[in-house]
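Please build the complex by placing chain U on the supplied structure of chain W, with the hints as guidance.
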Amino acid sequence: MSSSKIFIQQVFALLAKDLKTEWRTREIFTSMFVFTVLVVVVFNFAIGADTELIRQVASGVVWVALLFATVLGLQRAGHMESEEDSLQGVLLALHDRSALFVAKMVAQMLYLLGVVVCTLPLCSIWFRIDFTACIGAFGIVFVLGILGLSIVGTLFSIMVLHTRAHEVMLPILFLPVSIPLTIAAVYATAQLIAGKGLKDIADYLALLSVFDIIFFMLSIMVFDYIVEG
Amino acid sequence: MQMMFASKGRTLHAVIVYFSMLFAMFFVFICAPNEKIQGIVQKIFYFHVSSAITMFFAFFIVFVASIMYLWKRSDWWDAVAFSAAEIGVVFCTLVLITGPIWGRPIWGTWWSWDPTLTLTLVLWLIYVAYLMLRIDIHDPKRARFAAVLGIIGFVDVLLIRWSVEKWRTLHPKPVLIQEGGTTGLTSTMLWIFMFCLGAFLLLFFYLLRERTSITQSRHALEVLRQEIDDLLAR
Chain W
1 MSSSKIFIQQ VFALLAKDLK TEWRTREIFT SMFVFTVLVV VVFNFAIGAD
51 TELIRQVASG VVWVALLFAT VLGLQRAGHM ESEEDSLQGV LLALHDRSAL
101 FVAKMVAQML YLLGVVVCTL PLCSIWFRID FTACIGAFGI VFVLGILGLS
151 IVGTLFSIMV LHTRAHEVML PILFLPVSIP LTIAAVYATA QLIAGKGLKD
201 IADYLALLSV FDIIFFMLSI MVFDYIVEG
Chain U
230 MQMMFASKGR TLHAVIVYFS MLFAMFFVFI CAPNEKIQGI VQKIFYFHVS
280 SAITMFFAFF IVFVASIMYL WKRSDWWDAV AFSAAEIGVV FCTLVLITGP
330 IWGRPIWGTW WSWDPTLTLT LVLWLIYVAY LMLRIDIHDP KRARFAAVLG
380 IIGFVDVLLI RWSVEKWRTL HPKPVLIQEG GTTGLTSTML WIFMFCLGAF
430 LLLFFYLLRE RTSITQSRHA LEVLRQEIDD LLAR
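From first to last, the protein sequence lines stand for chains W and U. Everything in the first sequence is counted per this note's numbering, starting at 1 for the first residue and increasing by one. Everything in the second sequence is counted per this note's numbering, starting at 230 for the first residue and increasing by one.
One or more of the hints may lead you astray.
25 Å max Cα-Cα, derived DSS-like pairs, lysine-lysine [unchecked claim]:
#, chain 1, residue 1, chain 2, residue 2
1, U, Lys301, U, Lys370
2, W, Lys5, W, Lys17
3, W, Lys5, W, Lys20
4, U, Lys395, W, Lys196
5, U, Lys301, W, Lys199
To give an idea of the interface, some chain U residues facing chain W are shown, with a C-beta separation under 8 Å as derived from the structure [what the hints assert, rightly or not]:
#, residue
6, Ile269
7, Ile273
8, Val293
9, Leu299
10, Trp339
11, Trp340
12, Val351
13, Ile355
14, Asp365
15, Lys370
16, Arg373
17, Ile381
18, Ser392
19, Lys395
20, Leu453
Hints listed in this document are in silico derivations from the structure and should not be mistaken for laboratory results. Even for Gly, the Cβ is constructed at its ideal location relative to N, Cα and C.
Chain W on its own, in the form it takes in the complex (with noise of 0.2 Å):
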């Protein structure tokens, strides 16, 4: 069997694994879910009754309810990952160990567009806005924006599994280096709100598609290093 055909399966075969698990417990998309909505709502308090204002910064409130979410999921994934040392076991049985980061990173973004799939109609109906206007655009946003998300969140939440305060160092590192994807998915994101079109948020676009390519590339490249030995 060729090797790639050997990564494809490996890759499919652990996702089946950390799929199956979770349809058991829903443990991780429940936290995620339910956090989602907390932050959306607590962020309506904050920000009062003006309609106009919700309207206005809906887009960063998603976004950033996304950001703490991914940084939520992860930390449950990397729990279960690290009880009993079974990410060392996985990994002895790879032939390719960057399978063990592609499946990690699908199926957090899975998660994570689950997510969003429920959040979005909620978040449609609290701050008055309509996404299925130019749903098409919304949806490659988002797919751009959580992918770039799940790159740097996976690759991060597998390197402070070995650090003493890894709650604390994952939003530490993960924060700050997803910038420039931040900035890009709120204001895309708020272009199409205000009833731009794909057109008009190019650039942006263009910007998560760099962020995804490099970091995906980069994350290959470094995996090895963290997870030898």
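Quick look at chain U alone, frame taken from chain W:
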């Protein structure tokens, strides 16, 4: 390369740094002409911009040393990356302090979220995280993780630059080289600035050299202490 940082000539280096900093002060405060519009406030430019360039240089060295560490696995490169990051954060802090002091009388506000300021602040956050990561781990993994972050952090700089550029800018356009290749500085100002920058870079290299050697000594001490503990435990 390691020879260059050896203790030879350390005193000479210190003396040169001392006098070049002294002369830089003298040139800036005595010789440099006052800028027409900004007046005496503009003199902070010599230190602000020199610190900023030294900071970028320091973080670039972290990047290079991190790559070299992952490639060669020599403790020396790790010590260089760590020391450069630490000194880079110090210069970054200086930039963040001198910036508002300059901005207050000129822009009328201590802080504005303009691209260059934001970039500097984010860099400060990333490299403080780098230092925190190092403090938090106590085994060989520390050097590897730090090297990975050193590489990621520097690549991120370009993306941060791009993203914050999208904002409206208040920051003075680089006064050194303006459109058409002309400079916004008089020739006296320019050479004084160059001298200042040279002095700052010399200071940086001196600090880097001292810090690297301290880091290495500390590492050697840790190894010795571990050996003694092992012997006693037997």
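Now for the hints, and whether the structure bears them out:
no.: 1; hint: U:Lys301 / U:Lys370; result: 15 Å, holds
no.: 2; hint: W:Lys5 / W:Lys17; result: 18 Å, holds
no.: 3; hint: W:Lys5 / W:Lys20; result: 22 Å, holds
no.: 4; hint: U:Lys395 / W:Lys196; result: 17 Å, holds
no.: 5; hint: U:Lys301 / W:Lys199; result: 47 Å, violated
no.: 6; hint: Ile269; result: 36 Å, violated
no.: 7; hint: Ile273; result: 27 Å, violated
no.: 8; hint: Val293; result: 15 Å, violated
no.: 9; hint: Leu299; result: 6 Å, holds
no.: 10; hint: Trp339; result: 21 Å, violated
no.: 11; hint: Trp340; result: 17 Å, violated
no.: 12; hint: Val351; result: 5 Å, holds
no.: 13; hint: Ile355; result: 5 Å, holds
no.: 14; hint: Asp365; result: 4 Å, holds
no.: 15; hint: Lys370; result: 5 Å, holds
no.: 16; hint: Arg373; result: 5 Å, holds
no.: 17; hint: Ile381; result: 6 Å, holds
no.: 18; hint: Ser392; result: 4 Å, holds
no.: 19; hint: Lys395; result: 7 Å, holds
no.: 20; hint: Leu453; result: 23 Å, violated
Going down the numbered hints, you'll see the structure goes against 5, 6, 7, 8, 10, 11, 20, while the others check out.
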